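Chemist: Between the sequences and the hints, there should be enough to build the whole structure, so can you do that?
Residue numbers (the UniProt record's numbering), protein chains in the order written: chain A, 1 to 468; chain B, 1 to 468.
Each hint should be verified, as a subset may be incorrect.
Said to hold, decoys possible - A few chain B residues facing chain A, derived, Cβ under 7 angstroms:
1) Ile111
2) Pro310
3) Val320
4) Ser378
5) His386
6) Leu436
To be verified - Restraint-style ranges between C-beta atoms, simulated for each label pair:
7) Leu468/B <-> Val320/A: 27 to 37 angstroms
8) Gln79/A <-> Ser425/B: 20 to 30 angstroms
9) Thr278/A <-> Gly50/B: 45 to 55 angstroms
10) Val320/A <-> Pro78/B: 55 to 65 angstroms
11) Asn173/A <-> Lys204/B: 20 to 30 angstroms
12) Pro78/B <-> Gly327/A: 29 to 39 angstroms
As the list claims (entries may be wrong) - Here are a few chain A residues that face chain B, going by a calculated C-beta distance under 10 angstroms:
13) Ile104
14) Ser378
15) Tyr383
16) Ile384
In case anyone wonders, no lab produced these hints; they're calculated from the structure. Values in this document were obtained by computation on a predicted structure and should not be read as measured data. We put the CB at the ideal spot given by N, CA and C, even for glycine.
Protein chains: 2
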Amino acid sequence: MLNIIKGHLHRYTLIIIMILFTFLANDKHSMGDEGNIIPMKYQKAKLDNGLSIILVEHHELPVVAIELLVRAGSVHDPQEKQGLANIVAQLLREGTRSKDSLEISEEIDFIGGTLSADSEYDSTSVTATALVKHFKSILDLLSEVARFPTFKTKDIEFQREKTLTSILREKDNKRAIASRHFSEMLYGIHPYAHPSIGTLEGLKAITRKEIIQFHKNHYLPNNSILTVVGDIEPSNILAVIKKTFGDWKEGNVHKPTLPLMPKIVNYRIRLVDKPDLTQTEICIGHLGIRRNNPDYFSLMLLNYILGRGPTSRLYTEIRVERGLSYGVKSQFDARILRGPFYIRTYSKNETAIETLRLVLDELKKLKAGGITKEELDSAKSYYIGHFPLSLETPAQIASKIIEQEFYGLPEDYLEKYLENIKAVSREDVNRAIEGLIDPENLVIVLVSKAEDILKEAKTLGEVELKGL
Amino acid sequence: MLNIIKGHLHRYTLIIIMILFTFLANDKHSMGDEGNIIPMKYQKAKLDNGLSIILVEHHELPVVAIELLVRAGSVHDPQEKQGLANIVAQLLREGTRSKDSLEISEEIDFIGGTLSADSEYDSTSVTATALVKHFKSILDLLSEVARFPTFKTKDIEFQREKTLTSILREKDNKRAIASRHFSEMLYGIHPYAHPSIGTLEGLKAITRKEIIQFHKNHYLPNNSILTVVGDIEPSNILAVIKKTFGDWKEGNVHKPTLPLMPKIVNYRIRLVDKPDLTQTEICIGHLGIRRNNPDYFSLMLLNYILGRGPTSRLYTEIRVERGLSYGVKSQFDARILRGPFYIRTYSKNETAIETLRLVLDELKKLKAGGITKEELDSAKSYYIGHFPLSLETPAQIASKIIEQEFYGLPEDYLEKYLENIKAVSREDVNRAIEGLIDPENLVIVLVSKAEDILKEAKTLGEVELKGL
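Modeler: Here's what the structure looks like:
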């Protein structure tokens, strides 16, 4: 089912690597009985300036989704300028060399499309959707905002104020407070310690010059991936892309020197005092994995069993059996570098430490006993059934395809997705648990009315008491 | 393009009205140049017990989306039991005659599907998605939760507590506070006055008996519509539906006697005091339209011009020109009965009344001068381009199709959607403005630190001062 065609299309002076395949299509042998996934034609190319291109045909509707991913995220924020990558992304749509914010909005609205930019820890994405017949217009606009923003002083001040307001508003949000303290403790001076949106101090310190420089350093074709998914004919599209992005000059990619992540020994417990709370917010965890970890599928299945959804161990124990909380969830945030593994829940102040102890017990039980065959089977069954539901729209497909490229996952990652899930054995999961899950060395954050729970919290270990 | 086939399929003892058509497909004449919308095969039927059925073929992925809409919403809540319809909906998944909450979750997870229930003002929807090969299983489950919930006392208490907590949490949310007061003033003793989720007093007063009775009164086949969209073959699906829902007993549909909506004369201004606020939340409006109002398209286009998105009059004036707010938005919530028309924005306390005055001025200008041809063209252009982007997934299609049926829109509503938009003239919009928009008689809600703005607010008229 997999044909690889290599060649040079001199007409476009492109180095072209074309990988056309129909994946997961009607192959009962490799698919077992879980139904057919749609065939998807997929093609890769690279412009001379280093821009990686992925094109996917998806013909159900006359629409197209575009994503330009730039390897520039909050991990590239200087220590004193937290929020830099985010404010750069937010400013892209505010004005370019030839269009102001209103003109950009008018052009998008005129074709009934969408265009937005968002930055995360490791990257920034500019995404757009439109009818196929407006492909050239929307691509032009996307190129314009990504490559030629002007960063006017008044737009910077507006965006800075807006972001500061968002951060201040988080003071009312228990969960956001817990996350912020958790990341800070887990990552220390590593930039994963601060949220992508930035910090009050960081945002206030950012200058226009630094914004311009950040854009110049990171928004480079050889630091970016462009994906187009939709009702397209790849060779036509490629010509348009070449015309639009061919003159984008490559440059030196700035890789930051990152500090080490701290080592957590025993429990590091922090109690954040918010005296108006009657419910305690709890966040517990340790370092997790890189996105390209070979145990990714094992840990995804493990996480399902431990704390994803209403059939998980944690939910059954804490919500169903004991009624201590309305919700409990575990999660791996897999990033370019090691993202966090964490469990979040909440309970009344009176039962907060009891709930926390139950979570710790579940982690210990998992570490000591591993998982059962039945648990693994039902986790697999969930993902096998659910996978196609996550690939319904061109924008969803674009995001999955770009994920594969960005994290350096195998070329056949999506093609073999279901096979990979099925191949995971109980031993694989238990080995992954053995290597990663560590119930003895944890960051524990409690956001609560301190006087309600401090004494009981101290039975677990030393408690660092903090204000908001 | 439209074939109507009528007949009786005695094999299923169904009264079948089959309407098969390929809509918006390749019809350049009626479509102009805005691209082809996918062809969609669409079929209607009705079971003997009165259940309306709509089936849509959508073959891109091997998935299926199901929506069962029951005409039972918070508009059916008794005055003293606000939140009844919602708690009934929330309890459906908590346990049935043969399955407890955990078993239901396990079954859904086992097939990797989704199943949820949500209630709004006029209706409750139970929605599900799954792979097509699990259609029978997910339909069985959907039928089980919709028809045979047991409403155990412990589940009721859990759900009641959870909902009360959500309502209490709204106290931190300025926008939710403004909405609540706005609806209360606009609708008086009409049930649209309270949010679907209910009120603290209402929720506390609800008994198990009332929950059971509400379900019995409203969850009836002759009060419901079932829509299935996906990679299906209608006649097979119809047989399965008949087997699953054929024994659902019809009953008398309980239509509530609803009080009249109050008449608002002049400005009715309410200032809600929240002393910690530095930003004032503003909500202004009056009664809007029923969903089946023949001027729906005119008003949709008008709303775009007035306050939808970054090119609208309000946004340009308040955000772009004056920098008084980060956001401003106008909206029509079109319901079975007249929903609200409202404008929402916020500004620093010092500039709140100035911002409010600008909004009022824009409404007056609109009423006096109407819209321009250029504004209308760009609004049309937006919706023409955007429509296909709102029909990407089976679940989106199901929701549009059920909307058409539920609100009694014309049979060719979706088919003629783009044509209808294009047919709207400047005169149509201006006539709709003349008939509906009323800048002299408005509900105005301000949520703010009262002492900061009270004096200035009084320059607009009498101000009712309220606590949270």
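Chemist: Work down the list of hints and note, for each, if the structure agrees.
Modeler: Here's how the hints hold up against the structure:
Taking 7 angstroms as the C-beta contact cut-off toward chain A, the hint placing Ile111/B at the interface holds, the least distance being around 5 angstroms. Annotation: Pro310/B was flagged as interfacial toward chain A, and the flag holds, the nearest CB pair being 4 angstroms apart, inside 7 angstroms. Checking Val320/B against chain A by beta carbon gives a least distance of about 6 angstroms; that is within 7 angstroms, so the hint holds. Hint status for Ser378/B: holds, given a least beta-carbon distance of 6 angstroms to chain A, under 7 angstroms.
For His386/B, the shortest C-beta to C-beta distance to chain A is roughly 4 angstroms, which falls under 7 angstroms, so the interface hint holds. Taking 7 angstroms as the C-beta cut-off, the interface hint given for Leu436/B is violated, the closest approach to chain A being about 24 angstroms. For Leu468/B and Val320/A, the Cβ-Cβ distance of about 35 angstroms falls inside the hinted range of 27 to 37 angstroms, so the restraint holds. A C-beta distance of roughly 60 angstroms is found between Gln79/A and Ser425/B, which places it outside the suggested range of 20 to 30 angstroms.
Separated by about 48 angstroms at the C-beta atoms, Thr278/A and Gly50/B satisfy the suggested range of 45 to 55 angstroms. As the Cβ distance of Val320/A to Pro78/B is approximately 32 angstroms, the hint placing it in 55 to 65 angstroms is violated. Here the CB-CB span from Asn173/A to Lys204/B is close to 27 angstroms, well matched to the stated 20 to 30 angstroms. In this structure the hint that Pro78/B and Gly327/A lie 29 to 39 angstroms apart at CB holds, the actual value being about 30 angstroms.
With 10 angstroms as the threshold, the beta carbon of Ile104/A comes within range of chain B, its nearest partner Cβ sitting at about 9 angstroms, so the hint holds. The criterion of a C-beta within 10 angstroms of any C-beta in chain B is met by Ser378/A, whose closest approach is roughly 6 angstroms, and the hint holds. Evaluation of the Tyr383/A hint against chain B yields a held restraint, the C-beta minimum of about 6 angstroms falling below 10 angstroms. A hinted interface residue such as Ile384/A counts as satisfied when its beta carbon comes closer than 10 angstroms to some beta carbon of chain B; here the least separation is about 6 angstroms, so the hint holds.
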